[in-house]
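*Asks:* Chain by chain, the residues run as shown.
Number of protein chains: 2
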Amino acid sequence: MNRVCNQLALKSIGIVALCAFAVCGPTAFAGEPESPIGFSEDAGQQQLALEDDYKSRLNAKDLDQWMQELARHPHHAGSPHSRANVEMLVKLFREWGYTTEVASYEVLLPKPIDRIVELIEPEYYSAGLQEDIVEGDESSSQRADVLPPFNAFSIDGDVTAELVYVNYGIPEDYELLERYGIDVKGKIAIARYGKSWRGIKPKLAAEHGAIGALIYSDPADDGYAAGDVYPEGPFKNDSGVQRGSVVDMPTYPGDVLTPGRGATKNAKRLKRKDAVTITRIPVLPISYRDALPLLGALGGEVVPAEWRGALPITYHMGPGPAKVRLKASFEWEMITIENVIARMQGTTYPDQWIIRGNHHDGWNHGAGDPISGLVAMMAEAKAIGELAAEGKPPMRSIVFAAWDAEEPGLIGSTEWVEDNATVLKDKAVAYLNTDGSGRGFVFMGGSHTLEHLFNQVARTVIDPQTSVSVSDRYRASVNVNGTQAQKNELKASKDLRISPLGSGSDYTPFLQHLGIASGNIAFGGESGHGSYHTLYDTYEHFSRFRDPGMAYGVALADVTGRVTLRLANAAVLPFRFTNLADNLKTYVEEIENLADTQRSDAVSDAKLKKDKAFDLALDPTRPLTAPQNLTAVPYFNFAPLKNAIVRLETAASDLDEKLADVAQDGEASEALNRKLYLSERQLTSPAGLPQREWYRHQVYAPGFYTGYGVKTLPRVREAIEAKDYAGVDDQIQITAQVLEAFADYLNGISRSD
Amino acid sequence: MNRVCNQLALKSIGIVALCAFAVCGPTAFAGEPESPIGFSEDAGQQQLALEDDYKSRLNAKDLDQWMQELARHPHHAGSPHSRANVEMLVKLFREWGYTTEVASYEVLLPKPIDRIVELIEPEYYSAGLQEDIVEGDESSSQRADVLPPFNAFSIDGDVTAELVYVNYGIPEDYELLERYGIDVKGKIAIARYGKSWRGIKPKLAAEHGAIGALIYSDPADDGYAAGDVYPEGPFKNDSGVQRGSVVDMPTYPGDVLTPGRGATKNAKRLKRKDAVTITRIPVLPISYRDALPLLGALGGEVVPAEWRGALPITYHMGPGPAKVRLKASFEWEMITIENVIARMQGTTYPDQWIIRGNHHDGWNHGAGDPISGLVAMMAEAKAIGELAAEGKPPMRSIVFAAWDAEEPGLIGSTEWVEDNATVLKDKAVAYLNTDGSGRGFVFMGGSHTLEHLFNQVARTVIDPQTSVSVSDRYRASVNVNGTQAQKNELKASKDLRISPLGSGSDYTPFLQHLGIASGNIAFGGESGHGSYHTLYDTYEHFSRFRDPGMAYGVALADVTGRVTLRLANAAVLPFRFTNLADNLKTYVEEIENLADTQRSDAVSDAKLKKDKAFDLALDPTRPLTAPQNLTAVPYFNFAPLKNAIVRLETAASDLDEKLADVAQDGEASEALNRKLYLSERQLTSPAGLPQREWYRHQVYAPGFYTGYGVKTLPRVREAIEAKDYAGVDDQIQITAQVLEAFADYLNGISRSD
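As you go down the protein sequences, you meet chains Y and U in turn.
Residues in the first sequence are numbered from 1 upward in steps of one, following the working numbering.
Residues in the second sequence are numbered from 1 upward in steps of one, following the working numbering.
It cannot be assumed that every hint is accurate.
Copies of the same chain look alike in the list, so a pair counts if it works inside one copy or between any two.
Pairs of lysine-lysine, DSSO-like flavour, derived with a Cα cap of 27 Å [said to hold, decoys possible]:
1. K61 - K609
2. K609 - K91
3. K658 - K55
4. K491 - K612
5. K658 - K610
6. K494 - K61
7. K610 - K425
8. K268 - K425
9. K723 - K265
10. K195 - K642
11. K268 - K723
12. K494 - K265
13. K723 - K111
14. K273 - K494
15. K487 - K723
16. K487 - K607
17. K491 - K607
18. K610 - K491
19. K658 - K487
20. K273 - K610
21. K61 - K427
22. K487 - K195
23. K273 - K585
I should point out that these hints are in silico values taken from the structure, not numbers from a laboratory.
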């Protein structure tokens, strides 16, 4: 379900930096390929030769054929074609020389029974809730096994109430509604997709007292306003609906009944009523065709400019006179999900595992999401298998995983990780994820200890459309389309920053539950979007609009394969800690600025209120009033965090120097490498984060009220954002202790032999 | 036709400062009213009492009744109801004690005969080009004497060609079209209203080789996206069309056949073919209902996000496959226009004239534009007449003028000014203009020498909806909605800046042709717009949506009446030169920044081109290319301007001090006051501006490529904007000489007795 990157990127290339590289540096080499981190000079040259060999084995036709087969029919978790795909994957991985197993779990999955959305007043309209068959896309005419538009893990419900338009349904929208005197209590909220992960919308609506929620795709965001609609172009036609999970993933992902445990046959299970991640109100997604009569029937205040979509109406907030009935009911089935796990034993360090994953389930045909990433991973597995067969096996073990049931809530990966937590904590060196991908620019996210590795690879891989590296192409896009701040950063002589990971794909359990250094890589920004989670995410759509000829599928395999092979073969594992320290420093600065901004805004608003400036500036004939409930923002003691960063910078620098020396010697102890990859574990705490103990990482977390969007140093940042000011100093203290301990840990490695 | 202020203001209160006060200071007094500039302490108190008396005579019911009568029928120049209105005005002014005459001119005015817009390919559509009758607006059902939608001073033409969408049709849009490889040569351009004065659109289209132009109102700008449409709300319904002149007003306004001369019966006239201000290509305005099939039939590239409107289509640039026929033909009639001129002799200085004007012609019913401003002026004239009759006549002469034929091109005022240039240059102290007005915030523009006077009055007049001054209400809106820069300026302890004047209403000939200090005042920002120049600018619309109860009409008369009376009665004319010097200093800074920005952008773009960054960043499957024709921007010698400003600051400060002393004595010589009001003349040059000698003012001009939008220090600013870099230093020199001479002039006054 990974989508954040492409979505942001496509809106404006200028924004991609939020999602991938936030900073860029000049090309670190000209002509000569730079020596890979973790290798001696000689070994590095051999590695580069191996990678060129690897690259020559990637074949776009393979990807194309696999996609045609895997995306031939709907293949959501539990579907017949999903099982066929699992068999195909098992067969292929075995052919390619992997020890392959199917790791199955029993999980609760809702299947829609009734879906009704009706406008009851002021006139009747019954929403079609179905996508059109379109010319030229044979797949769209298939109806067997197709999942109709629904939001997984909505509760059952049948509610009728007045409608309120809540824009994107994120916290700031409710603050504005309050200023208008509009309450969603007892009402049905209609929110548009975008700005937050979809599950946040019913969560916030319920917290504000709504009894039901609708989510629709506004044509402003990925419909006709954005570009030509399917089948003329890639964007959403008026029948297209984005499906998707609304499970409360920021609390915990995976099977709703077995938080923290693998959902094995006999696992201890919650009762469904006790599963807190299921929504509290019924919710359904609808097309803009179905949203038009509903929104058009709203009265009340005209929305502010930022709330306008692209439907040909005047947008009003309501509540009413539009009255809507929303019924959603589900068969709450226990189904078996199947992860495909394929292992290749490392020749030197079999107990150090490089894990490489991509999910295999889709909402329906899922050609883009997830098959475009899966076929790149398959190409990688095939080539690595060939290399091994020809006598060039990896030094460390490589584990390829094709996850099931990612779409409903990262279920396959989460259950496997929870089930195998002990061994993974011990053996997992790193986890590298892909998901849907397309044409354009490379987007790289992950643990900052992997930043230099990713950058070296991005400087090596050539973009299929131009003759430069994918790193240089990305840099050019920032230089042309970025903000001045981004351009200024580019001039600094360092690696491009990779984006920290929030959630939205299968890296979450690895990184945020167990503390395994993780990465997530995709291409995008030039593929039209709009097919995401609709009936139209088909081979026909993908091959016409998203990556014609699969050139970028090959580029993706080129990037991820080199990363995998370097992790597998480096004498010294290619972590670089100064990159982490440098990024952490910027996060602390960001958070301090956030507090300062909130403080000066609060001071300014309080003064304006005292001076009655709002009363004077706002139209007295309209209901919009001054901001309510202004809270003064105290000064916080950031010193512990800043002191920790200073120590960490030194510790990281010392260790990186030592590691460079060791790498030049060409050999490192298993123990040293073990300490290196266990370093990410030190950034976790067993108690987890406030309100959500499943999330243990103290540096990276999905936002409690953003969903996919990352919150770095989440204890501190979210306390400030949530205006829980009394708790901030404590959260700083706790986080600083984690970073201090981490610095100690690095110093410990530096001092060891 | 004054519209810029309200239009900008309504989009976002935050922007109003561009249009009115750009800077604000704290309230200059608390409790005690401040002493009016130009009066002694005692005389100031008497003046304030007189103004309170004046104010008590303003009556909303008068305004309402006059508007009902004046806007009862269409009253465009030459129409029967226009003549009836002239008679009514003459009768009333005479009743109120004014010596009243009708100043008539013979001018060329086109009347539409044929108007055809047809989509020929890929399917047929014939544009309706007519506005609907709407329920609840009796006026909209009148068809006698109604002017159908057209653009005055389009040439005749019948053209058929492929269509190209040019966004707003301003210079930067053509730069982008060039980067897409799209040429309008031989095509018909369709532009949306907005961003520039409408006449710029066919002018630029023709310069780029288009053979016809359509201008439509996109619903994003003042249709359903902005708010509820008429009759549910004030905004444009899908049949509404903005009429308006497209005469090349930035070259010269007024009668197209008599530039620089009054269009008296026997005046020497150009041949029509030699009138350069008539468009070079035919042009018609259309509704968004009529634009939809045309824009919907365009192919080619999808537009960038900034070019999107709110129609429910994917906007494409073309050219074609849409092929359009556009036919426009006109009866080119000589008609008689009638200005009403009403004079009240000043008791002490009869040869010093305060001129107060508002046009009386409308496109049709013209309730908002211009009657809302005219009835405020009438209330002012009536009250001042009463005061005079009761023994409180003005010391200086007051001339009220109701102009004809403003809409087609400021014709009535321009011809009168040209006809009476000699006497006006000698006797006119100042010109104060109003035009359409509404509910909300005060917008004040004008010569900066009047800035302090306007501010003092704005701090005196109480806003009808709140209990504070209109100045304080404006300040609150900047504090709540303004940019940080605007808020910072607010903190400085000085007058709010008033906006410099470009064009768009009848102040232009006074200020920019003759150098008479001028002002323009309106209220707005809380009146819904959309009726501007449509069939729906009716009493019904205005009284429901724009100023219910005429409270702001009275507030306008309160402001302008006090300004008029202070100008009429002050011992020392209330000019303050330090305000002018301070604003001029900021304009020089702005222009230097403009050059710096253009230079660094050019350097940056050149470097990006050299590095092939555009080639790498742009989608190679799409035609958008790097910017063409980059010109390096040299450094300019701004020293002459900056030295002139320094001298001017001292001269202004010295003179203001002297004037304050003289005012305290309570008496000033006629000669001193004459020198004061002749000061604005010193800012003009007989040679005018490059390419347009009619425009003589060297500080304020409408932009050659913006139309209404002001360009301060136009010689220098426009040379830089037009990339005519070779000429910039000369223009700096010429402008600096004007300012140096002006400083000398002020010093001369300071040194005189």
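*Asks:* Hint by hint, say whether it matches the structure.
*Replies:* Outcome of the hint check:
Neither within a single protomer nor between protomers do K61 and K609 lie at most 27 Å apart by alpha-carbon distance, with minima of 65 Å and 35 Å respectively. Within a single copy, K609 and K91 get their C-alpha atoms no closer than 69 Å, and across copies no closer than 50 Å, so neither meets the 27 Å cut-off. Taking the closest pair of Cα atoms, K658 and K55 never come within 27 Å of each other, the shortest separation being 32 Å inside a single copy and 85 Å across copies. Proximity of K491 and K612 under a CA criterion of 27 Å is satisfied inter-copy only: 17 Å between copies versus 46 Å inside one chain copy.
In this assembly of identical chains, K658 and K610 lie within 27 Å of each other by CA distance neither inside one copy nor across copies; the values are 59 Å within and 40 Å between. Proximity of K494 and K61 under a CA criterion of 27 Å is satisfied in neither setting, with 37 Å inside one chain copy and 72 Å between copies. Proximity of K610 and K425 under a CA criterion of 27 Å is satisfied in neither setting, with 56 Å inside one chain copy and 50 Å between copies. In this assembly of identical chains, K268 and K425 lie within 27 Å of each other by CA distance solely inside one copy; the values are 22 Å within and 96 Å between copies.
Taking the shortest Cα distances, K723 and K265 never come within 27 Å of each other, neither inside one copy (43 Å) nor across copies (75 Å). In this assembly of identical chains, K195 and K642 lie within 27 Å of each other by CA distance neither inside one copy nor across copies; the values are 31 Å within and 48 Å between. In this assembly of identical chains, K268 and K723 lie within 27 Å of each other by CA distance neither inside one copy nor across copies; the values are 37 Å within and 75 Å between. With identical chains, the CA atoms of K494 and K265 are never at most 27 Å apart, being 50 Å at best within one copy and 78 Å at best between copies.
Taking the shortest alpha-carbon separations for K723 and K111, neither the intra-copy value of 39 Å nor the inter-copy value of 65 Å comes in at or below 27 Å. Neither within a single protomer nor between protomers do K273 and K494 lie at most 27 Å apart by alpha-carbon distance, with minima of 51 Å and 65 Å respectively. Only between protomers do K487 and K723 lie at most 27 Å apart by alpha-carbon distance; the minimum there is 26 Å, versus 32 Å within a single protomer. In this homomeric assembly, K487 and K607 come within 27 Å of each other (Cα to Cα) only across copies, at 13 Å, whereas the closest approach inside a single copy is 36 Å.
Taking the shortest alpha-carbon separations for K491 and K607, only the inter-copy value of 13 Å comes in at or below 27 Å, while the best intra-copy value is 40 Å. In this assembly of identical chains, K610 and K491 lie within 27 Å of each other by CA distance solely across copies; the values are 17 Å between and 45 Å within a copy. For the identical chains of this complex, K658 and K487 are neighbours neither inside a copy (33 Å) nor across copies (53 Å), given an alpha-carbon limit of 27 Å. Proximity of K273 and K610 under a CA criterion of 27 Å is satisfied in neither setting, with 48 Å inside one chain copy and 64 Å between copies.
In the homo-oligomer, the alpha carbons of K61 and K427 never lie at most 27 Å apart, since the shortest distance is 35 Å inside one protomer and 87 Å across protomers. In the homo-oligomer, the alpha carbons of K487 and K195 lie at most 27 Å apart inside one protomer (24 Å), although the nearest pairing across protomers, at 29 Å, exceeds that limit. For the homomeric pair K273 and K585, neither the shortest alpha-carbon distance inside one copy (43 Å) nor that between copies (71 Å) is at most 27 Å.
Figure legend: structure checked against the earlier numbered hints; hints not met, in rising order: 1, 2, 3, 5, 6, 7, 9, 10, 11, 12, 13, 14, 19, 20, 21, 23.
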